[in-house]
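Trainee: Sequence:
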Amino acid sequence: MPHDRDLRPRLMTSHTNGAAPAPKSDPERRDATVSNPTVADAAAVAEAPAPPLITVRSPSDAPDAGLRSLDHYKRALPTWRYRLRQWMLPLIRWETPYLAYLQETMRTPWLDSYFAITANLGTHTFFMIGLPMLFWCGYASFGKGVIHILAEGVFFTGFIKDFFSLPRPLSPPLHRITMSGSAALEYGFPSTHSANAVSVAVYGVLLLRSPDNTMPESTKTLLEGLSYFYAVSIVFGRLYCGMHGFIDVVVGSILGAVISLVEFHYGPPLDAYMHSSSWWAPVIAALVVIVLVRIHPEPADDCPCFDDSVAFAGVVIGLEIGTWMYGRTSIDSFGGSAHSVQSIDLGALGWHIVLARVVFGVFVIFVWREVMKPTMLRILPHLFRLLEKVEWNLPRRFFTPASKYKVIDPGSRMDNLIPSVRDFPRVVQSIRHPTTRGRSVSIGPQSAADAYETLAYRERRRRESIGSNGSIKSKGSMHELREKSGDWEGKGATSGVQGHHGNSLHDFERMMGTGSVLASPSEEKGELDLTVGQQDEISEKEMFLRLIRPRVRYDVEVVTKLVVYTGIAWLGVGLIPMMFELVGLGSNHLRTA
Numbered sequence: 001m002p003h004d005r006d007l008r009p010r011l012m013t014s015h016t017n018g019a020a021p022a023p024k025s026d027p028e029r030r031d032a033t034v035s036n037p038t039v040a041d042a043a044a045v046a047e048a049p050a051p052p053l054i055t056v057r058s059p060s061d062a063p064d065a066g067l068r069s070l071d072h073y074k075r076a077l078p079t080w081r082y083r084l085r086q087w088m089l090p091l092i093r094w095e096t097p098y099l100a101y102l103q104e105t106m107r108t109p110w111l112d113s114y115f116a117i118t119a120n121l122g123t124h125t126f127f128m129i130g131l132p133m134l135f136w137c138g139y140a141s142f143g144k145g146v147i148h149i150l151a152e153g154v155f156f157t158g159f160i161k162d163f164f165s166l167p168r169p170l171s172p173p174l175h176r177i178t179m180s181g182s183a184a185l186e187y188g189f190p191s192t193h194s195a196n197a198v199s200v201a202v203y204g205v206l207l208l209r210s211p212d213n214t215m216p217e218s219t220k221t222l223l224e225g226l227s228y229f230y231a232v233s234i235v236f237g238r239l240y241c242g243m244h245g246f247i248d249v250v251v252g253s254i255l256g257a258v259i260s261l262v263e264f265h266y267g268p269p270l271d272a273y274m275h276s277s278s279w280w281a282p283v284i285a286a287l288v289v290i291v292l293v294r295i296h297p298e299p300a301d302d303c304p305c306f307d308d309s310v311a312f313a314g315v316v317i318g319l320e321i322g323t324w325m326y327g328r329t330s331i332d333s334f335g336g337s338a339h340s341v342q343s344i345d346l347g348a349l350g351w352h353i354v355l356a357r358v359v360f361g362v363f364v365i366f367v368w369r370e371v372m373k374p375t376m377l378r379i380l381p382h383l384f385r386l387l388e389k390v391e392w393n394l395p396r397r398f399f400t401p402a403s404k405y406k407v408i409d410p411g412s413r414m415d416n417l418i419p420s421v422r423d424f425p426r427v428v429q430s431i432r433h434p435t436t437r438g439r440s441v442s443i444g445p446q447s448a449a450d451a452y453e454t455l456a457y458r459e460r461r462r463r464e465s466i467g468s469n470g471s472i473k474s475k476g477s478m479h480e481l482r483e484k485s486g487d488w489e490g491k492g493a494t495s496g497v498q499g500h501h502g503n504s505l506h507d508f509e510r511m512m513g514t515g516s517v518l519a520s521p522s523e524e525k526g527e528l529d530l531t532v533g534q535q536d537e538i539s540e541k542e543m544f545l546r547l548i549r550p551r552v553r554y555d556v557e558v559v560t561k562l563v564v565y566t567g568i569a570w571l572g573v574g575l576i577p578m579m580f581e582l583v584g585l586g587s588n589h590l591r592t593a
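Numbering (full-length UniProt numbering), first residue to last: 1 to 593.
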């Protein structure tokens, strides 16, 4: 395939012997190539402005690599969505230096570990594992409400993320502290962590203040205080960890609070209506969810937000079908406990029975997942190839059609909501060493959205500098970034955390767009591997080569996830409670007259 040729004029230097000028290297590579101390103007070349880019199109219409970063979103998004994105983008850029100043002022090794670990309490993985236990331990009504608000939060934040395709605040100057390998691949606006945490906290506070709540006042006060602390800790942690900006967490928090208010006031009447209706009520609910999945906007980049939305869509479908079915069985201990506020007396049931319920329920769910997932991946590709022939294939970008592959590895990791059996050793290891295992401090572009924003901001600064005084203003020193990437585990002086609070907002702004420092955790040793670039600004090609590569996604994944997670929810709220009675773990003996 022909490529565009880069006809960028090369910088020349004069030689004393009158020979023709020799070409110098590209300014983006100057630190590596302009190193001859005998050349008198080497320093001047290093600080010279980048010459204008002149490109010649190849026979194909593919844009030159030097321009694709600037035109990417204009080409990838509809015009009206692109204009909305461009209207929002200055807010993300404006707040970045303030976020970097906040992070540098507050950072300590202990807070790094605390906020990295507690961020897991705001993920949908944490809730997906814990929510079924509410149904098995007699708090079905509360569990159903929490599933509703989390599913709505994940769907709507993912919808908005893919719609706007806005990047996270730039790194550098921010340092991104995380234990998640996929979070950096998502867009930043709005924050799903903030929406989840605030929605759960607000919903819990509303229930605590409800007139129907019979808890002692001291218990209510304690739980309400814990709810506030939980929400503030998660939301502020997203700022501290450099994963989100102010606008991200504010909009995410508002969205979470609104979702909880709607669920608290209108959820119970809707549940009662569903419970009293015929079979078509859960069917219509399932169809509505599928339509919402279908209208999920296409992102400009390969973002995993859609995957999480599909998984939670399956959970909601299984939840509605499972609770509707369970409410009509004679095994239902409280005549429709999934739609009532009654709960089981765990003390009367016996704590050994409660523990056995949890172990049994988790076992059934993992068996379902380990059996159904490979089965679907083996069967569906054949069906999808037939659908492709009649042009009924899945119309989404970044998903490989079935005609392009033969088989899918059954062990491939297609989601990060619920860990598989083979993930247990890694999970146990991270629990045994929570302060070091799995935590990384990353500086530099990690996703395509990061890279495009880094290049776009770099070009903006160049144009502004050339327009104002005809020369490039000095960039953030690489020495500053190297100093900030010192001892992240708290051994000795921690650069960038202690002793470097003198940086001004202007200093942080100068670092934006350099994109030259990268870090990643070593999976085997659990240590931090920090790579500092050798140039002030790495080239576009090198930047994209260093990115975290999104995994290959297949067209059959959407249906596979819908089936698997629909089954998980249906088992958790319907079939498993019925099975408790059959295996001697039931609660029918607690039925009151």
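Be aware that a few hints might be false.
[To be verified] Below, a list of computed lysine-lysine pairs in the DSS-like style, where the Cα atoms sit at most 30 Å apart:
| id | residue 1 | residue 2 |
| --- | --- | --- |
| 1 | Lys373 | Lys389 |
| 2 | Lys404 | Lys389 |
| 3 | Lys406 | Lys389 |
| 4 | Lys74 | Lys404 |
| 5 | Lys373 | Lys406 |
| 6 | Lys404 | Lys373 |
[Claimed, not checked] Computed beta-carbon distance windows for the label pairs:
| id | residue 1 | residue 2 | range |
| --- | --- | --- | --- |
| 7 | Trp351 | Phe126 | 21 to 31 Å |
| 8 | Ala356 | Thr221 | 29 to 39 Å |
| 9 | Glu464 | Tyr273 | 22 to 32 Å |
| 10 | Arg385 | Ile295 | 48 to 58 Å |
| 11 | Trp87 | Ser218 | 18 to 28 Å |
| 12 | Arg209 | Asn120 | 37 to 47 Å |
| 13 | Phe126 | Gly584 | 25 to 35 Å |
| 14 | Thr108 | Val250 | 22 to 32 Å |
| 15 | Thr219 | Lys404 | 54 to 64 Å |
| 16 | Trp87 | Met215 | 39 to 49 Å |
Bear in mind the hints are in silico, worked out from the structure with no lab data behind them. A virtual CB, placed ideally from N, CA and C, is assigned to each residue, including glycine.
Trainee: With 48 to 58 Å as the target window, see if Arg385 and Ile295 comply at their CB atoms.
Mentor: Violated - the Cβ-Cβ distance for Arg385 and Ile295, about 26 Å, lies outside 48 to 58 Å.
Trainee: Would the pair Lys404 and Lys373 pass a check requiring their Cα atoms to be no farther apart than 30 Å?
Mentor: Status holds; Cα separation ~20 Å.
Trainee: Does Lys406 pair with Lys389 here, judged by a C-alpha cut-off of 30 Å?
Mentor: Measuring from Cα to Cα gives roughly 16 Å; hence the hint holds.
Trainee: So the hint says 25 to 35 Å: do the beta-carbon atoms of Phe126 and Gly584 match that?
Mentor: Cβ of Phe126 to Cβ of Gly584: about 30 Å, so the range 25 to 35 Å holds.
Trainee: Given the hint of 21 to 31 Å, is the C-beta distance from Trp351 to Phe126 inside that range or not?
Mentor: holds, 23 Å
Trainee: Given a hint of 54 to 64 Å, does the C-beta separation of Thr219 and Lys404 actually sit inside it?
Mentor: Check passed, 57 Å falls within 54 to 64 Å.
Trainee: Are Lys404 and Lys389 close enough, with their CA atoms no more than 30 Å apart?
Mentor: holds, 13 Å
Trainee: Evaluate the given range 22 to 32 Å for the C-beta pair formed by Glu464 and Tyr273.
Mentor: The hint (22 to 32 Å, Cβ to Cβ) is violated, given that Glu464 and Tyr273 are roughly 58 Å apart.
Trainee: Against the range 37 to 47 Å, how does the distance between the Cβ atoms of Arg209 and Asn120 compare: consistent or not?
Mentor: violated, 28 Å
Trainee: Should the hint that Ala356 and Thr221 are 29 to 39 Å apart at their CB atoms be regarded as holding?
Mentor: holds, 34 Å
Trainee: Are the Cα atoms of Lys74 and Lys404 separated by 30 Å or less?
Mentor: holds, 28 Å
Trainee: Regarding Trp87 and Met215, is the given constraint of 39 to 49 Å on their beta-carbon distance met?
Mentor: holds, 47 Å
Consistency note: the structure conflicts with the earlier hints numbered 9, 10, 11 and 12.
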